[in-house]
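**Student:** Sequence:
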Amino acid sequence: MPFDLMTMPNGLRVIGERIPHFRSASVGLWVGTGSQHETPAEAGLSHFLEHMVFKGTEKRTARQIAEEMDAVGGQLNAFTSKECTCFYAKTVDEHLPLAMDVVCDLAVHPSFDAKEMEKEKGVVLEEISMSEDTPEDLVHELLMLAYYGDQPIARPILGSEERISGYARQDLVNYWSARYRPENCVFSIAGNYDWARVQELLEKHLGAWTQDGLREVKCVTHPMPPTVITKEKEIEQVHICLGFPGLPIGDERSYELSLFNSVYGGAMSSRLFQKIREESGMAYTVYSYPNAYTDCGMLSVYAATNPDTAVEVYDQILEETRKIAEGGLTRTEFDMAREQLKASFIMGSESTSSRMQSNGRRLLLLNETRTESEVIDRVNAIDFDSTNELMQRILTAPHALSLVGKGVKELAAKMKK
3 MPFDLMTMPN GLRVIGERIP HFRSASVGLW VGTGSQHETP AEAGLSHFLE HMVFKGTEKR
63 TARQIAEEMD AVGGQLNAFT SKECTCFYAK TVDEHLPLAM DVVCDLAVHP SFDAKEMEKE
123 KGVVLEEISM SEDTPEDLVH ELLMLAYYGD QPIARPILGS EERISGYARQ DLVNYWSARY
183 RPENCVFSIA GNYDWARVQE LLEKHLGAWT QDGLREVKCV THPMPPTVIT KEKEIEQVHI
243 CLGFPGLPIG DERSYELSLF NSVYGGAMSS RLFQKIREES GMAYTVYSYP NAYTDCGMLS
303 VYAATNPDTA VEVYDQILEE TRKIAEGGLT RTEFDMAREQ LKASFIMGSE STSSRMQSNG
363 RRLLLLNETR TESEVIDRVN AIDFDSTNEL MQRILTAPHA LSLVGKGVKE LAAKMKK
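One rule links them: number in the working numbering = place in the sequence shown (from 1) + 2.
One should not assume that every hint holds.
Unchecked claim - Calculated cross-link-like contacts (lysine to any residue; reagent style SDA-like; alpha-carbon spacing at most 20 Å):
id, residue 1, residue 2
1, Lys416, Glu391
2, Lys408, Thr332
3, Lys84, Ser133
4, Lys418, Ile231
5, Lys57, Asp72
If you are wondering where the hints come from, they were derived from the structure by calculation, not from laboratory data.
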């Protein structure tokens with residue numbers, strides 16, 4: 003199904019995917035700013051700002067924001083990533099005008115109340131502490147540093163306690179003014195809607211939106227020698243992460259990467275899961291997944307195990323990695339993984355939320371669109387030999403390593419002998 007596309011006079015790009023047999027609709031306002039676009043002095047501002055817009059706008063209090071969507075059974079939320087921020091809502095189609103009103107109001111008319119800001123600092127600081135107390139999250143944060151070094155892509159999205167505690171209201175206003183501009187945003191909608199009505203509502207809510215002073219940020223991530231980073235924690239398990247080279251968003255080979263990842267560690271039938279959990283029984287959780295950004299990418303492997311078996315689990319990961327890199331995928335594995343990839347995409351697309359997010363993110367970061375049929379055609383066209391060649395190149399490259407748990411410094415020394 004073709005998309006509804008337009009660019010408003012103020013530069014805001016709009017993408018719609020109409021699904022008339024649905025009775026729901028999802029909308030999202032995507033902003034091209036995230037932790038990668040922050041200077042060290044702005045660390046955590048993208049995420050903190052995302053929190054603060056829910057504390058009130060020029061015409062709604064925080065309570066009204068929550069109650070208006072709850073009153074019609076709608077869902078309202080937001081998230082911040084390395085490269086973008088998204089405010090989104092999902093509702094039954096008859097309440098779409100309200101959803102669009104609230105989402106646009108949040109992003110374009112925040113009040114940044116100083117008293118609310120001081121209270122919200124406590125919430126964000128608790129979120130930082132929660133992340134520090136969640137070893138699976140922490141070990142992945144450390145892997146970013148081990149793989150990318152001290153570059154913007156590796157900075158934590160939440161920022162630091164010191165930075166969050168020290169921000170004043172004007173810091174938020176300055177960052178919002180610099181990054182929240184229509185030219186730096188995409189409005190995405192998917193579900194049952196009338197395109198002419200959507201255009202009317204966008205003109206009403208966003209037609210007069212302008213902003214001065216955009217600071218252009220060019221993110222360039224340079225290759226770095228992978229390193230080892232450890233963090234001592236008095237916990238029962240050792241959390242292990244390995245980082246191999248990946249691919250950036252938009253790379254056509256990303257389909258091949260997703261396919262071989264399914265065989266490598268991305269599914270219950272994968273080599274890593276079967277060997278380490280099913281055969282050896284040394285870990286409850288073990289998996290791999292690709293991370294993709296506009297200018298870089300990484301293939302990550304994660305496992306959690308007892309300190310006594312941590313070195314053996316690491317060795318088994320490397321052994322399975324060596325085997326699959328040298329021997330390649332079998333035809334049976336390749337065919338099964340391709341069907342898994344298609345099924346995952348199709349089933350993941352059967353909601354207005356997922357379609358809104360996929361369309362909005364691609365248009366924002368790559369300035370392109372891709373229909374469901376185009377994706378399926380591309381998956382069907384994945385080449386067996388090309389997939390094995392890519393897999394060999396990635397899995398034979400040097401890898402980064404991060405460890406969280408008791409005695410991890412000594413364990414890392416044994417692992418990297």
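**Student:** So which hints don't hold here, by number, going up?
**Tutor:** Numbers 1, 2 - these are the hints that the structure violates, sorted from lowest upward.
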